[in-house]
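All chains should be built: construct the whole structure from the sequences, respecting the hints.
Quick note, the sequences are listed as chains A, B, C and D, same order.
Residue 170 in the working numbering is what sits at position 135 of the first sequence, and the numbering runs on without skipping anything.
Residue 104 in the working numbering is what sits at position 69 of the second sequence, and the numbering runs on without skipping anything.
Residue 216 in the working numbering is what sits at position 181 of the third sequence, and the numbering runs on without skipping anything.
Residue 259 in the working numbering is what sits at position 224 of the fourth sequence, and the numbering runs on without skipping anything.
Any given hint could turn out to be false.
Note that identical chains are pooled: a pair holds if it fits in a single copy or bridges any two copies.
Unchecked claim - With a straight-line Cα cutoff of 30 Å, these simulated DSS-like cross-link-like pairs (lysine-lysine) come out:
#  : residue 1 : residue 2
1  : 304       : 406
2  : 202       : 103
3  : 206       : 406
4  : 373       : 343
5  : 343       : 406
6  : 292       : 406
7  : 292       : 304
8  : 292       : 202
9  : 103       : 206
10 : 373       : 202
11 : 202       : 406
12 : 103       : 418
13 : 292       : 343
14 : 373       : 103
15 : 343       : 202
16 : 418       : 202
17 : 292       : 206
18 : 304       : 206
19 : 418       : 373
20 : 103       : 343
21 : 406       : 103
Don't read these hints as lab results, they were simulated from the structure.
4 protein chains.
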Amino acid sequence: MSARSDFLALDARSSDLAERYRAVREASRALGSHLSDADATVQSMPDASPAKWHLAHTTWFFETMILKERVPGYRVFDESYNFLFNSYYETVGERQPRARRGMVTRPSLEEVFAYRAHVDEAMDRLLSEGPDAEVAELVGLGCQHEQQHQELLLTDILHLFSQNPLKPAFKDPGPVAVEGGEPEPANFVSFEGGIVEIGHDGEGFAFDCEGPRHRTLIEPYRLSDRLVTNGEWIAFIEDGGYRDPLLWLSAGWADVKENGWSMPFYWEKRGGDYWTMTLRGFQPVDRSAPVTHLSYFEADAFAAWAGKRLPSEAEWENAAAGVPMEGNFADTGRLRPKPAGGREEGTGLRQMFGDCWEWTRSAFLPYPGFKAAPGAVGEYNGKFMCGQFVLRGGSCATPPGHIRRTYRNFFPPEARWQFTGLRLAEDG
Amino acid sequence: MSARSDFLALDARSSDLAERYRAVREASRALGSHLSDADATVQSMPDASPAKWHLAHTTWFFETMILKERVPGYRVFDESYNFLFNSYYETVGERQPRARRGMVTRPSLEEVFAYRAHVDEAMDRLLSEGPDAEVAELVGLGCQHEQQHQELLLTDILHLFSQNPLKPAFKDPGPVAVEGGEPEPANFVSFEGGIVEIGHDGEGFAFDCEGPRHRTLIEPYRLSDRLVTNGEWIAFIEDGGYRDPLLWLSAGWADVKENGWSMPFYWEKRGGDYWTMTLRGFQPVDRSAPVTHLSYFEADAFAAWAGKRLPSEAEWENAAAGVPMEGNFADTGRLRPKPAGGREEGTGLRQMFGDCWEWTRSAFLPYPGFKAAPGAVGEYNGKFMCGQFVLRGGSCATPPGHIRRTYRNFFPPEARWQFTGLRLAEDG
Amino acid sequence: MSARSDFLALDARSSDLAERYRAVREASRALGSHLSDADATVQSMPDASPAKWHLAHTTWFFETMILKERVPGYRVFDESYNFLFNSYYETVGERQPRARRGMVTRPSLEEVFAYRAHVDEAMDRLLSEGPDAEVAELVGLGCQHEQQHQELLLTDILHLFSQNPLKPAFKDPGPVAVEGGEPEPANFVSFEGGIVEIGHDGEGFAFDCEGPRHRTLIEPYRLSDRLVTNGEWIAFIEDGGYRDPLLWLSAGWADVKENGWSMPFYWEKRGGDYWTMTLRGFQPVDRSAPVTHLSYFEADAFAAWAGKRLPSEAEWENAAAGVPMEGNFADTGRLRPKPAGGREEGTGLRQMFGDCWEWTRSAFLPYPGFKAAPGAVGEYNGKFMCGQFVLRGGSCATPPGHIRRTYRNFFPPEARWQFTGLRLAEDG
Amino acid sequence: MSARSDFLALDARSSDLAERYRAVREASRALGSHLSDADATVQSMPDASPAKWHLAHTTWFFETMILKERVPGYRVFDESYNFLFNSYYETVGERQPRARRGMVTRPSLEEVFAYRAHVDEAMDRLLSEGPDAEVAELVGLGCQHEQQHQELLLTDILHLFSQNPLKPAFKDPGPVAVEGGEPEPANFVSFEGGIVEIGHDGEGFAFDCEGPRHRTLIEPYRLSDRLVTNGEWIAFIEDGGYRDPLLWLSAGWADVKENGWSMPFYWEKRGGDYWTMTLRGFQPVDRSAPVTHLSYFEADAFAAWAGKRLPSEAEWENAAAGVPMEGNFADTGRLRPKPAGGREEGTGLRQMFGDCWEWTRSAFLPYPGFKAAPGAVGEYNGKFMCGQFVLRGGSCATPPGHIRRTYRNFFPPEARWQFTGLRLAEDG
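Next up, the structure:
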């Protein structure tokens, strides 16, 4: 267990599956320990799920996909949970409608923890017996799946708490000093492009949509060496960025007008100052930190305003090839993006991992040769390949060890409640 | 405190204001004791409020209308609660939007109980000092107000629990035997009418909309001596009552089609049998008990089908004049309507009080000479005098001592989550 | 045929049914003659109907209720019209959904005129043969029905034209001079009340909801001798009437906020002046004329602001007993309300008929003893007895001879596109 | 002017700009001549526009972008038309809200034709004087723009007529014989791929989004030599294609359930047979003809069911390189897709142009190096690059000469009212 954090303890490099399973499960439990029964139950919008649901659904995954199928004599904890905690697997039967997940005040958070313990015990036994390859693969998938839900639990709780006029903090604010003035101007790093390979090569775990690895052609391009900052975003606001339709995609401009967008999600202006809701409570905006909680529309409009563009996912992945997968992930406990430090040697790219997910200009579509896996597991990603954009690099709410250079996160262009930001690109 | 109930303890005839205050407050607390923090927090629809909100809002009423105004040195429990727990008093400032009351996971139920204790202590002190007439009147109003919210707490919890696939019981089902076959046919009791007086005469507490007492003219009429039963409702269903547009008001028929109404709210058909969600859990429908959870539209359509009509509120109040205010109220702990027993001597009218609210054909409008009180208290009822129908007589969720012969409850014609039923009438 | 108008020609006192039929039908045709095929086809909102639909539906009524039933060998003009031009008679079969009436670009207006001619010819033949009592009654109903639709045709066309940025005039504006300053202050006329009779007594035509005639009890009251004026309404606006929630019913205040109401429907402020859309085109508001195009909510809020109230329908009808049924109806061709002239002798009440419909505080509910007629004709009014308020007295778009002292018009409280205004009342 | 058609007369190869202008304008006029004033005015859904609007808006384009800017002394036909007939150019000022285009009953269709004549006269004069290069380019753009609207006029009229229970025909059905049984099975043609160039090279007219021409990498692939037929689609229906969620994208499945999709748009089942609304009236489905009026979701689900996939736009464009731009376009007057004839020599690909637009799997996104043009013209396509899919090849409603191999049409994945079909692809 990492000494850096009292609540997220995941050693992604563990070669021991049982240990990895335990670490992932413990990290979820630790997140849940910050919450009351009520906190864990309420659903603040249809796109979000209750924390209790995240904790139970990830457990249901192991029970349904592994224990019920493969462990003779396994006693199901509660038959009704299959209905309650299935997400969207049409193949696995009926389920509680998504928009009504918050109606489930019972079972309580405590009972959900008991459910977790019951499943963990059976999984421990199974894993100690030396699982076969198929089980090992499913356990790996289940751990990745649970880590995804850890991140969603954090973003969904932030959304819930933002709706409460008391603006409670998920975690004690602690000494969240504003780090100082603006960082030095961004520097653009050049890449040659050409025929490159992107996508997962099948070694180790990856979600189905990350493959197959394939060739693609990229023209020369340049990438900013850091994320766009709050300070730069304030310049955009104050230059009228939210009022000029020519900067915006048509659907984005409709959202601006219909919803009255005038700053990032969670921001408020009090007096002359910008404040924002965070997992550490309501805080002044730090001008030097990366801007986050942006829709694709906002990211795209900013890029137009700046005379740049968003990178494609191939450009991003190609550039990330040599960059270590380190950064401000959930295990730092910071739970909000961090200002870029001094420039690093080597590629010169900073903040490629962690801090906030980076919107790309790529629609989330199947790679050439992609085929969805058969059965329930195949419902995983392919069915969402429409109307969404790809994000890369992970965020301050992503568990370390969950990210990969090939990782394709995706959200609809209007989504703002994730830790989403941007990095600028331009033709080379 | 009544020996009949372990959770509702209100002696309405208490002449001691302090004792009455305590009894009402204790009854709310007892209701809350059946609930978890999560149960008490979730809002299952915009028309319903969280139990925690009911418990805090009634407390806020005493704090705002009495303690803050009249007790020098009173320490407000938490300044933020004025925003959180104001309901709709435009005069008392901004408030949490109604549809987002369920976002308030904090304060917890426990903290709300502490808020209640804090206010109760100050109120006890005030009441022990002998309050003046104005305070006494406000305390009386506050108690009546809290009793209203006790009933709403019960109906709102029933709605919440009905949304949970596990269909939890608010209270242990216990021996809720189905009481047997159909009751004897209804008997119609005749009334002469003429110029009668209805409305509250100002003696003792009443809500503003119950007065002034005034003369009205009623033609001769007849009233059924009991409520319509589930058995009779099943006959209506099976005769195609929900499929014949000529029985329905136009707006009601639109609701039938749009929402697929085919039986009362909370009913389900399993196999050949009718079941219903209740505060005692999911139960078979008792054919001999009064039908409940009906919209005005359904009550009106049933009356048309039966060749009768609904009574006016004047007819109902005139008939109730000689009937004792006794019945199956919340203190029996039954929490669902009860079959009519044998006919009583005297007026012959049964089930006039308790069991379920009776839809009348009267729109909720001001009585002749009605004037809303000035200030916040005046926002109480007058502003809702549009688009609603009057119900009379109280229900199995109404605290005893809360009902009056002049009591005018009101709901929109499509509302179904209250304990609403009907009694037939016809011209004399 | 009245010499006063070139387009509305109805002598209501005609004792000759055939002549009456012809006059009513001609009046509709004359209205239609102001319209292009496109004007007559478009539906500007679900509550409105295309003019072509009004012209065809009223014709369908005669064809379906009389010719098809009672004239052997009658050749139906077009079988498809039963589907197209039925309104809401569930008993007469399927029909074009109300909200899609505007999709019917064919048949053209010209074909609809041919349909009218075809039916008129058959009706003429039937009426010349001396119809029996039942037919005579249906013809009378059909004429009243058609006159209702004449008024709706006018109000619906006004709505349509108001949506066109060019703001076309239905009829040449002509010399619509603003008549001068404010009229003298309103005078309140006293009435004793007591047990009075209201409702239709069955002599001559009336809609079913106007009866039966019955006794009711009224307390002493006073009625303003004229309608509220635009000038008085501007005072209400400028005193903040649209910004003070305490003046408004709760549902009305919600409409004010949601829809941004700040003046009557069709009004606009240009420079410092109020303008309004009318059937005579876009015109400055005449301060001395009655205010119109108000919701019930606005009328009620104004009365609260003025320290008065709206009259009940019984009060209105009782007061109207001695007033001649004369006024500014559609046949004057003015097509907008007219300033009250000097006070008349006698009752002193002015503008009781014509100019604009007067909102009453009475919900539209069945009178004691009301029974809907059996069959299709019985669907006429009873099914709308829910959620609407009664209006009395007719308007500048009402055909003369269509109004009666017992006439009960009704609209939902938020409706604003009719010629709706108010007269103040107070307790006597 | 083509002898093949009495209403669409466009020689795309004309080198004479004036002649081209005249031909395009005449084609629009000819389309309008089939319509009544009412037909041309009604807007049947927010996505569609009235025919009159199409006829006026295209005229407004020439007036605003050319005549007002470049012809001294040009007299604007009607100043109010700028408001009425602007589409979405934020830079050109306020405009009639899109969803209310159908409120504009005046000006009439006749006046719009007069507007067209007025503008045509001025344009003729300008063009006869030998326009400069900039004007020539704008005229070319205006002609292309008008041709787009010709197609939309046809698809919008089809939608309007489908809403009319009488199901009128835009054009006399004539001898639309069903052509016989199923065509021979599809044959898959192989392509090598590699680094290819796609996109417009700047020679001749193209919309901005078609360029720049650029290199892209395609892996080997195979394309069906014809479109999917109605017969094949019926097999999909009858195999339960609309009932199996695993075939569908998640958003598509939601649409299936919410809207009850069970066959292509405009289809109905009567008795055991499939019928469909067409521009030639209501007709039996021809099993041998290409299926059309499909959403992307349906096309994608069909491909999954068939074990194939949709082509990417690069694959389609690469394959189209050698195919003549000939096919069943609007000028044939057929106005519905036509069965594939016998296989052709050469590439073997049939129906690549005309019949129906082919959904590709490519999201509509900017090509590498794309930059929107500055000013109003730049609002043309770039602002829609979000949430839409590319379609290729034109349809039976596309004017000949309007299509290009590089042409990128785009619609949201749920759109069904265009002539949209599909061609299958698979990996090589």
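Violating hint indices (sorted, rising): Hint check: 1, 3, 9, 11, 14, 15, 16, 17, 19, 20 fail, others pass.
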